[in-house]
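Novice: Each chain, written out:
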Amino acid sequence: MTSGSRHDASFFSDLEELLKELLKERPEALRLAEKLLKAYRERGVRGVREELKLLIEEATGNEAKGQENRG
Amino acid sequence: MKLKVKRIEVEGFRAFPGRLSIEFDERLTVIYGPAGAGKTSIVRALEFALFGETREVNARLMRKEDLVNDFCEKARVVVILDGGGDGFLVERVLTKNGISRLKVTAGTSELYDDVAEQYIQSKLALLQEDFNWEIAVGHQELQALVHASSSLRDRILDGLLGLTDVRRLYRELSGKELKGYLKALRDELAKLGGESVLSRYEELKTRYRQVVVERDALVSELEQLEARKRLLDEERTLLQARAREASALIEEKGRLQAFLQSLGDERLARMPAIDENYVREYAEKFKKEVSEALEFFYMIREAEILKGLDSANLSELLKVSKELMEKMKNYTIKMEYEIKDINNEIKRLENYINDLEDELAELESKIDELEQSKIEYDMLVSKFGDSANITKRIAQIEVEMKALQSEESKVRCARDLQESVLHQIMDQGTATCPVCGSAITDAEALPKVEPVEAIRLKREKLERTLYDLREVERKLRRLEPELRLLDDYETRKDSLSKALDERLEELHELRASAEELEERLREAKRRVTGLLRTYEQLDNYYKRLRYAELQEKLKKIESEIRELGYDESKLSRVTSEINELDRKISNIKGRLSELENLERQLSEEIYRLEVIIVNLKSIKTREEKVSNLYRSLMIVRAALLDAHVGLRQKFTRRLSEVASRIFAKLETSGVYDAVDIEVQSTGSRGKRGHYVFRVRRKFDGNYVPAFTRLSDGQRSVMALSILLALRQLKPRNLSVIILDDAIPNVDEETKLALARFLAGEVGSAFQVILTTQSKRVAEELNSMAKVYSLEKIKTVPAETTSVRTQEHV
Chain Y
3 MTSGSRHDAS FFSDLEELLK ELLKERPEAL RLAEKLLKAY RERGVRGVRE ELKLLIEEAT
63 GNEAKGQENR G
Chain S
72 MKLKVKRIEV EGFRAFPGRL SIEFDERLTV IYGPAGAGKT SIVRALEFAL FGETREVNAR
132 LMRKEDLVND FCEKARVVVI LDGGGDGFLV ERVLTKNGIS RLKVTAGTSE LYDDVAEQYI
192 QSKLALLQED FNWEIAVGHQ ELQALVHASS SLRDRILDGL LGLTDVRRLY RELSGKELKG
252 YLKALRDELA KLGGESVLSR YEELKTRYRQ VVVERDALVS ELEQLEARKR LLDEERTLLQ
312 ARAREASALI EEKGRLQAFL QSLGDERLAR MPAIDENYVR EYAEKFKKEV SEALEFFYMI
372 REAEILKGLD SANLSELLKV SKELMEKMKN YTIKMEYEIK DINNEIKRLE NYINDLEDEL
432 AELESKIDEL EQSKIEYDML VSKFGDSANI TKRIAQIEVE MKALQSEESK VRCARDLQES
492 VLHQIMDQGT ATCPVCGSAI TDAEALPKVE PVEAIRLKRE KLERTLYDLR EVERKLRRLE
552 PELRLLDDYE TRKDSLSKAL DERLEELHEL RASAEELEER LREAKRRVTG LLRTYEQLDN
612 YYKRLRYAEL QEKLKKIESE IRELGYDESK LSRVTSEINE LDRKISNIKG RLSELENLER
672 QLSEEIYRLE VIIVNLKSIK TREEKVSNLY RSLMIVRAAL LDAHVGLRQK FTRRLSEVAS
732 RIFAKLETSG VYDAVDIEVQ STGSRGKRGH YVFRVRRKFD GNYVPAFTRL SDGQRSVMAL
792 SILLALRQLK PRNLSVIILD DAIPNVDEET KLALARFLAG EVGSAFQVIL TTQSKRVAEE
852 LNSMAKVYSL EKIKTVPAET TSVRTQEHV
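Chains as they are written, first to last, in my numbering: chain Y, 3 to 73; chain S, 72 to 880.
Hints may contain errors.
Listed below are the simulated BS3-like cross-link pairs for lysine-lysine, each with C-alpha atoms no more than 25 Å apart in a straight line [claimed, not checked]:
id, chain 1, residue 1, chain 2, residue 2
1, S, 378, Y, 37
2, S, 437, Y, 40
3, S, 378, S, 393
4, S, 356, S, 398
5, Y, 26, S, 356
6, Y, 26, S, 358
7, S, 378, S, 358
8, S, 358, S, 418
9, S, 529, Y, 40
10, S, 691, Y, 55
11, S, 529, S, 454
12, S, 247, Y, 55
13, S, 250, Y, 55
14, S, 454, Y, 40
15, Y, 40, S, 250
16, S, 688, Y, 55
17, S, 418, S, 437
18, S, 696, Y, 55
19, S, 411, S, 400
20, S, 481, S, 519
21, Y, 40, Y, 22
22, S, 247, Y, 37
23, S, 254, Y, 55
24, S, 696, Y, 40
25, S, 721, Y, 22
26, S, 569, S, 437
27, Y, 22, S, 696
28, Y, 37, S, 696
Keep in mind the hints are simulated off the structure, nothing from the lab.
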């Protein structure tokens with residue numbers, strides 16, 4: 003059990019598989035989905051929020067900050 | 072790891088003021104008791120021990136401290152979980168004032184409070200919500216599953232299927248924050264001017280390039296013009312040096328040219344040359360004419376001066392003549408004024424004479440009228456005498472008339488007395504004389520009395536005469552002033568006639584004088600006009616002579632200037648060209664200054680725009696990145712929604728299969744044999760759709776809507792089937808199923824069927840704890856399970872520390 007989700011790995015692998023199938027023609031979106039899913043699996047809603055925050059910081063010019071936080 | 076509940080000890084918790092201890096069977100434990108016996112309290116005690124609160128507390132339906140029994144100060148629950156070598160003991164205490172303590176004993180370790188909580192969670196991997204829906208299920212959970220609104224049912228089933236995470240994840244990916252950033256960036260872009268800044272920048276760059284090209288061209292042209300000007304300046308300096316050498320001649324030439332210009336250069340140049348002797352004779356004749364004219368104008372002294380002049384000195388002669396002719400002209404003007412004054416005087420005199428004549432005529436008319444009155448007066452005087460005589464006569468007549476009046480009165484009295492006496496005589500035969508008193512008998516004896524009419528006629532005649540005389544007197548008095556006025560008028564007429572004659576004579580003299588002056592003026596003008604013509608002719612002759620002389624002199628000077636090497640026309644050309652160059656250079660410099668200003672302004676504006684564009688590009692890049700991220704996020708979100716639907720379909724397929732098998736065993740009516748959980752989508756992409764329960768009708772094999780076809784009890788059975796199926800499909804660390812009187816609304820047969828199913832198939836996979844009010848069920852399961860009657864357990868005094876926990880019914 004992690005702090006993120008009460009699910010076992012099979013649920014997330016099912017979901018990941020489905021997303022892979024759905025986003026096979028959208029590699030960028032798929033990468034984003036994987037990132038967010040990983041964050042959720044590991045740290046739950048807070049993880050998703052943090053990941054989104056980092057992505058926004060990277061996109062809005064606070065890349066250094068984003069990288070730093072990511073690092 | 073499969074954890075099972077080995078034992079629970081409850082003290083002072085909810086329905087239990089005393090202590091209760093129950094040992095659970097590994098497969099099936101039945102807790103039997105009527106309503107209020109405390110069946111649910113045992114289930115909640117387990118929930119409290121594992122999670123620190125119950126679902127009612129979690130839903131804020133009651134306070135945590137209300138879990139403590141009203142007669143106790145604290146509640147204590149001890150749960151022993153057995154998992155092979157992995158079990159642990161949980162002891163949780165809750166005081167009346169809400170203070171809770173937790174202790175976990177795992178092997179030789181004792182953990183407390185937060186650490187203990189974490190330990191329990193790590194072992195169970197179970198949320199309280201999942202415990203309520205999957206582990207310890209009551210009737211209300213089953214009812215909620217089938218009777219909830221479609222959206223609530225969706226949430227419940229998503230939770231049961233473990234899809235809540237997908238929901239949560241979807242909700243988190245709303246992109247609201249990104250949208251806010253996008254809007255802020257777009258606002259910033261719009262504020263900076265967006266695309267229009269770029270077009271403005273390009274426009275300015277083009278304009279800047281044009282300005283630079285124009286400036287370079289002008290600089291080049293300026294250099295050429297200045298080079299040319301330098302050459303011309305040198306040339307002009309040279310020419311000016313030569314001009315200085317010939318300056319006196321040039322000055323003289325200039326004066327001559329100016330003088331020739333004043334003479335009428337071009338006109339005189341066209342005229343033929345004239346003989347000087349002829350001009351002298353003409354001048355002599357002119358002098359004579361002017362002298363005669365001066366004498367005519369009584370300017371004897373001036374005539375003498377003129378005669379003294381030499382005719383050969385034409386300039387002097389013309390000058391003096393001109394002045395004298397001016398004097399003559401002034402003289403004629405003076406004469407004109409004099410004539411004008413005389414004519415005015417004549418006019419004034421004529422007006423005066425006219426006035427006198429008018430007055431005289433009026434006077435004569437009045438005299439005529441008054442003479443008629445004089446005739447009338449004279450006639451009246453000749454007939455009646457003058458007014459004094461008439462007055463006298465009137466006085467006499469008035470005296471006469473008074474005498475007549477007196478006489479008439481006397482006669483009238485006498486006649487009245489006589490008549491009275493006569494009447495007496497006629498009546499009485501006798502009468503008494505009123506005078507002497509004697510008796511009178513004979514009427515004839517009475518004295519004769521003169522008749523009154525005669526006197527009256529006399530008086531009337533006198534009255535008429537008096538009237539006439541008075542009329543005449545009035546007329547005479549009226550006419551007398553007129554006669555006096557007539558005398559005055561005649562005197563005035565004589566005076567006027569005399570004045571008129573004098574003025575007429577004066578007028579005659581003035582007219583004669585005016586005629587004489589006019590005649591003299593005409594003569595004077597004629598002479599002046601003639602002299603002017605002669606003067607002009609002579610002046611022309613003089614100019615022609617002078618022009619020829621000056622031309623000769625000018626040619627000589629020009630020849631001398633040429634000899635000195637001075638070229639005036641060239642200097643003029645050079646100067647003109649230099650001036651023209653100066654003008655052009657000045658224009659170019661002005662334009663260059665404008666261009667420099669413009670270039671500076673453009674440069675500053677371009678720099679400003681470049682800064683904005685850099686900023687703009689940076690924001691644009693960010694906007695694109697954020698936009699891409701937002702787009703990707705929305706794609707992920709949509710995919711997540713599709714994945715959610717996919718997972719629902721996948722899970723419900725498997726769940727339907729297992730639930731159908733269970734439902735077939737529990738559904739005792741024999742009408743339906745399978746359950747189908749379908750996700751009915753609204754059709755449009757991106758919608759999750761709703762869970763719909765259907766059951767298969769045995770006799771025709773058709774699936775029909777569960778909600779409309781099944782009874783309340785059948786729906787509970789269906790919900791239970793689904794939950795049991797879910798537990799089979801989704802293993803948990805806590806391998807327990809607690810059914811807390813889950814289907815009280817079914818018949819005994821169904822309850823027994825459930826009991827058998829739990830004891831058999833389910834009990835082999837899970838530890839089952841069943842609470843029920845049904846005595847028959849308890850009896851049915853007596854041989855297969857540990858059965859506890861709570862009625863009996865509750866009678867145990869609180870003081871006893873050990874409770875007989877197992878009671879076979």
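Novice: Compare the structure with each hint and give your call.
Specialist: Hint by hint, here is what the structure shows:
Using a Cα cut-off of 25 Å, the hinted pair residue 378/S and residue 37/Y is violated, with the two alpha carbons roughly 137 Å apart. As the CA atoms of residue 437/S and residue 40/Y are separated by approximately 150 Å, the hinted pair breaks the 25 Å bound. Between residue 378/S and residue 393/S, the direct Cα distance comes to roughly 14 Å. Compliance with the 25 Å bound is thereby established for this hinted pair. Distance check on the hinted pair: residue 356/S and residue 398/S sit about 20 Å apart at the alpha-carbon level, within 25 Å; holds.
Of the pairs offered as hints, the one joining residue 26/Y and residue 356/S is violated, with about 135 Å between alpha carbons and a cut-off of 25 Å exceeded. Taking the CA atoms of residue 26/Y and residue 358/S, the gap is near 133 Å; set against the 25 Å cutoff, the hint is violated. A distance of roughly 7 Å separates the Cα atoms of residue 378/S and residue 358/S; the hinted pair therefore holds under the 25 Å criterion. With a C-alpha separation of about 41 Å, the suggested pairing of residue 358/S with residue 418/S is violated against the 25 Å cut-off.
Restraint check: the Cα-Cα separation between residue 529/S and residue 40/Y comes to about 178 Å, which exceeds 25 Å; the hinted pair is violated. Pair hint residue 691/S plus residue 55/Y holds up; C-alpha atoms about 20 Å apart against a cutoff of 25 Å. This hinted pair checks out: residue 529/S and residue 454/S have alpha carbons roughly 23 Å apart, not beyond 25 Å. With a CA separation close to 12 Å, the supplied pair residue 247/S and residue 55/Y stays within the 25 Å bound.
Distance restraint check for residue 250/S and residue 55/Y: the Cα-Cα separation of roughly 13 Å lies within the 25 Å cut-off, and the hinted pair is therefore satisfied. Between the alpha carbons of residue 454/S and residue 40/Y the distance comes to roughly 172 Å, so the proposed pair goes past 25 Å and is violated. In summary, the hint linking residue 40/Y to residue 250/S is supported, as the alpha carbons are separated by about 23 Å, within the 25 Å threshold. At most 25 Å may separate the alpha-carbon atoms for a hinted pair to count; residue 688/S and residue 55/Y meet this at roughly 23 Å.
At most 25 Å may separate the alpha-carbon atoms for a hinted pair to count; residue 418/S and residue 437/S exceed this at roughly 29 Å. Proposed proximity of residue 696/S and residue 55/Y is supported: the alpha carbons are some 14 Å apart, at most 25 Å. With a CA separation close to 16 Å, the supplied pair residue 411/S and residue 400/S stays within the 25 Å bound. Between residue 481/S and residue 519/S the alpha-carbon distance is near 13 Å, which keeps this suggested pair within the 25 Å criterion.
A threshold of 25 Å between alpha carbons decides the hint, and for residue 40/Y with residue 22/Y the separation of about 14 Å falls inside it, so the pair holds. A C-alpha spacing of about 19 Å is found between residue 247/S and residue 37/Y, which places the hinted pair at or below 25 Å, so the restraint holds. With a C-alpha separation of about 17 Å, the suggested pair residue 254/S and residue 55/Y falls inside the 25 Å cut-off, and the hint holds. The hinted pair formed by residue 696/S and residue 40/Y meets the criterion: a straight-line CA distance of about 22 Å does not exceed 25 Å.
About 16 Å separates the Cα atoms of residue 721/S and residue 22/Y, which keeps this hinted pair within 25 Å; it holds. For the proposed pair residue 569/S and residue 437/S, the alpha carbon gap of about 19 Å is at most 25 Å, so the pair holds. Using a Cα cut-off of 25 Å, the hinted pair residue 22/Y and residue 696/S holds, with the two alpha carbons roughly 23 Å apart. Only pairs whose Cα atoms come within 25 Å are accepted, and residue 37/Y paired with residue 696/S is accepted, the gap being roughly 17 Å.
Checked against the numbered hints given earlier, the structure breaks hints 1, 2, 5, 6, 8, 9, 14, 17 and satisfies all the rest.
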